[in-house]
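Visitor: Listed below, chain by chain, are the residues.
Protein chains: 2
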Amino acid sequence: MFEKVKVDENECVRVSRDELFRVVKEVFVALGVSESDAEIVADNLVMADLRGVESHGVQRLKRYVDGIKAGGVKINPDIKVVKESPVFAVLDGDEALGQVVAYKAIQMAIEKAKKNGVGIVGVRNSNHYGIAGYYAYKIAKEGLVGISMTTSRPLVAHTGAMEKFVGTNPISLGAPVDGEEPFLLDMATSVVPSGKVEVYRRKNKPVPGEWAISTETGEIIDDPNTILSPKGAILPLGGLKELSGGHKGYGLAVLVDIMSGVLMGATWSRHVGGTSDRKSDVGHFFMAIDPGAFGDAEEFKKNMKKMIEELKNAKKHPNFEKIWVHGEKGHLTMETRLKIGIPIYKKVYNEINEIAKEVGVKPLQ
Amino acid sequence: MFEKVKVDENECVRVSRDELFRVVKEVFVALGVSESDAEIVADNLVMADLRGVESHGVQRLKRYVDGIKAGGVKINPDIKVVKESPVFAVLDGDEALGQVVAYKAIQMAIEKAKKNGVGIVGVRNSNHYGIAGYYAYKIAKEGLVGISMTTSRPLVAHTGAMEKFVGTNPISLGAPVDGEEPFLLDMATSVVPSGKVEVYRRKNKPVPGEWAISTETGEIIDDPNTILSPKGAILPLGGLKELSGGHKGYGLAVLVDIMSGVLMGATWSRHVGGTSDRKSDVGHFFMAIDPGAFGDAEEFKKNMKKMIEELKNAKKHPNFEKIWVHGEKGHLTMETRLKIGIPIYKKVYNEINEIAKEVGVKPLQ
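Residue numbers (our numbering), protein chains in the order written: chain A, 1 to 365; chain B, 1 to 365.
Wrong hints could be hidden among the right ones.
To be verified - Distance condition first, Cα-Cα at most 25 Å in a straight line; then the derived PhoX-like pairs of lysine-lysine:
hint: 1; chain 1: A; residue 1: Lys6; chain 2: A; residue 2: Lys306
hint: 2; chain 1: A; residue 1: Lys279; chain 2: B; residue 2: Lys329
hint: 3; chain 1: B; residue 1: Lys302; chain 2: A; residue 2: Lys279
hint: 4; chain 1: B; residue 1: Lys339; chain 2: B; residue 2: Lys4
hint: 5; chain 1: B; residue 1: Lys114; chain 2: A; residue 2: Lys115
hint: 6; chain 1: A; residue 1: Lys203; chain 2: B; residue 2: Lys241
hint: 7; chain 1: A; residue 1: Lys329; chain 2: B; residue 2: Lys241
hint: 8; chain 1: B; residue 1: Lys114; chain 2: A; residue 2: Lys322
hint: 9; chain 1: A; residue 1: Lys115; chain 2: A; residue 2: Lys74
hint: 10; chain 1: B; residue 1: Lys241; chain 2: A; residue 2: Lys205
By construction, these hints were calculated from the structure, which means they are not laboratory data.
Here the structure is a predicted model, which is why all the values come from computation and not from measurement.
Could you build all of it, start to finish, from the sequences and the hints given here?
Guide: The following block contains the structure:
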């Protein structure tokens, strides 16, 4: 039994995957979202919790509900295909729930890749789409290599800057592995995603690394409340200095802004809005590639397996218990939580039940 | 007059771009490389020096010459298209000079992108291809978004490991900007490329950051000789710990190994050979995307310009003189060096002239 995050059972209630899914889905349906769309969003949020990425899980339900209530998220969007070829497409999300339009986009990318080797589908005019890895994982489960990127609201001070300016802009890659769960890289291009800072805020503890600066003095700060306020900004992957490669994390954030923002006709960096903003104009980029079109699909999966085994069996550093590959911790956490339930913080548990009550849905059992 | 790297004029000789190009080209021709292929390699190496990336410039000439002499690099390769569709292709480089097959690959990617919106061309069985940015830049100069990635020989200890195992595997993205030189990100996925360590070895100084570990104890080391020997390994971008995001740099290195290695039928991580190895089986990944196919090409370039201006005009951190965007330092350095010449270390200058003499080429004037 492995869980990526250490769980304090006194602070949490364990809820089964299906029960959590039911309540989240029913809340969206009660708000007017179609049954099938509600299932997509619920699956996405619950998957984040299953895999140990609670920052992107059901604790965000309130934000989504607020976004719908504020009119920043349309429940019956008119999603349009604005460009299309046999291998690519651009969708206008019409301010839909990010998950709904992103799910449509990967279905198209998968279909194009299966038919023509490659499928690239971009989205403009969308909202927060949950974990980037959800989409790369789904594509990889189809036997394809999947890439998923999204713009996100400004939380990061790029190298040389002293304000929240670029997003934590994640990059995810999923790839099928012979007889095993996919390889799954899912990373913010900042040193940490904001969710990690939120974890320390909840614990009322300083963050344990050089993760952020003051936007007033430029100094490294560790108070999570300040970091998440306008007085703080997260650092790019690589940290404050060019010496440690901070300009690379900054560059990767811009790469994501170009591919999923500028290229797709969506906005970028500091113009990107949050879930409850009116017209957040989030952009996504998805790519699916069929390894069978570029070579031999079976050999690809076998070589992926071989590469992963080699990486795990390298000479081990004494400070580490073992060598992990990307996705492995998430897969094991998912396995565990499907058996013993998903730990939900009591505060979140109560919040979900209040929302449920408010919209007339049977609360978590 | 700006140069990315501080130049000690006492240690260097300034050589004009054209003269450096001439000698490098003629050396390759003297070794039996065709005139047009020699021009491609010379342009690639000299471009690195022009842009201030000397580690990938003409100081590598000896390695290429040695590679050809050792038979690890074929001068008259039979480059084959092993897979092809209107939007993608896979080439077998037949152990060609990396630049030669990579140049062919981007020509194909550019043509496909101009015709069909997207061009993805992979290469297997190649050699070191110089700076990744060369190819992304060339694609961007055609008005397209260009991506360039390559596997490289094992120099980096991935998170949890204590040996040279994965490559410094660079990622480059170039994108056209209205009325200006392209945006050009060109980054190793390690905290630094090995070339940066070589700079300190030449100066006989310890490296100034947490760039590498001992492969015997796992501790951070700063002696460039040890770092470049089997007793040292460079760290991934993000550093030694997961706390600072080291697993993300590791993940990006694997991403590059998957896209340009496994997917293209080339090898990966610790199996990749160096320039003078027999059959190094380096793999490359190139992608060209036409912004005009996904939206409006002019608007894309205007928005790129707007985004860049915004990034540069953000509230500045007091520790930084100014805010840069990717490619800017290289462009300014290129402008300067086209005027006043490229600084070549005397040792390198002499080495080039010895090679020239050996193969009967008129030395640098």
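Visitor: Against the 25 Å threshold, does the CA-CA distance of Lys241/B and Lys205/A hold or violate the hint?
Guide: holds (20 Å)
Visitor: Does the structure keep Lys114/B and Lys115/A at a Cα separation of 25 Å or less?
Guide: holds (21 Å)
Visitor: Keeping to a limit of 25 Å between CA atoms, is the pair of Lys6/A and Lys306/A held or broken?
Guide: Violated, because 30 Å separates the two Cα atoms, which is more than 25 Å.
Visitor: Please verify whether Lys339/B and Lys4/B have alpha carbons no more than 25 Å apart.
Guide: The given pair, whose Cα atoms are some 15 Å apart, holds under the 25 Å limit.
Visitor: Are the Cα positions of Lys114/B and Lys322/A separated by 25 Å at most?
Guide: Since the Cα atoms of Lys114/B and Lys322/A sit roughly 47 Å apart, the hinted pair is violated (cutoff 25 Å).
Visitor: Holds or violated: are the alpha carbons of Lys203/A and Lys241/B at most 25 Å from each other?
Guide: holds (22 Å)
Visitor: With the threshold set at 25 Å, check whether the alpha-carbon distance from Lys329/A to Lys241/B stays at or below it.
Guide: Within the cut-off at roughly 16 Å; holds.
Visitor: For the pair supplied as a hint, Lys279/A and Lys329/B, is the alpha-carbon distance within the 25 Å limit?
Guide: At roughly 36 Å apart (the allowed maximum being 25 Å), Lys329/B and Lys279/A break the hint.
Visitor: Within a Cα-Cα threshold of 25 Å, do Lys115/A and Lys74/A meet the stated pairing?
Guide: violated (32 Å)
Visitor: Quickly compare the C-alpha distance for Lys302/B and Lys279/A to 25 Å and report which way the hint goes.
Guide: holds (22 Å)
In terms of the numbered hints stated before, the structure departs from hints 1, 2, 8 and 9, listed from lowest to highest.
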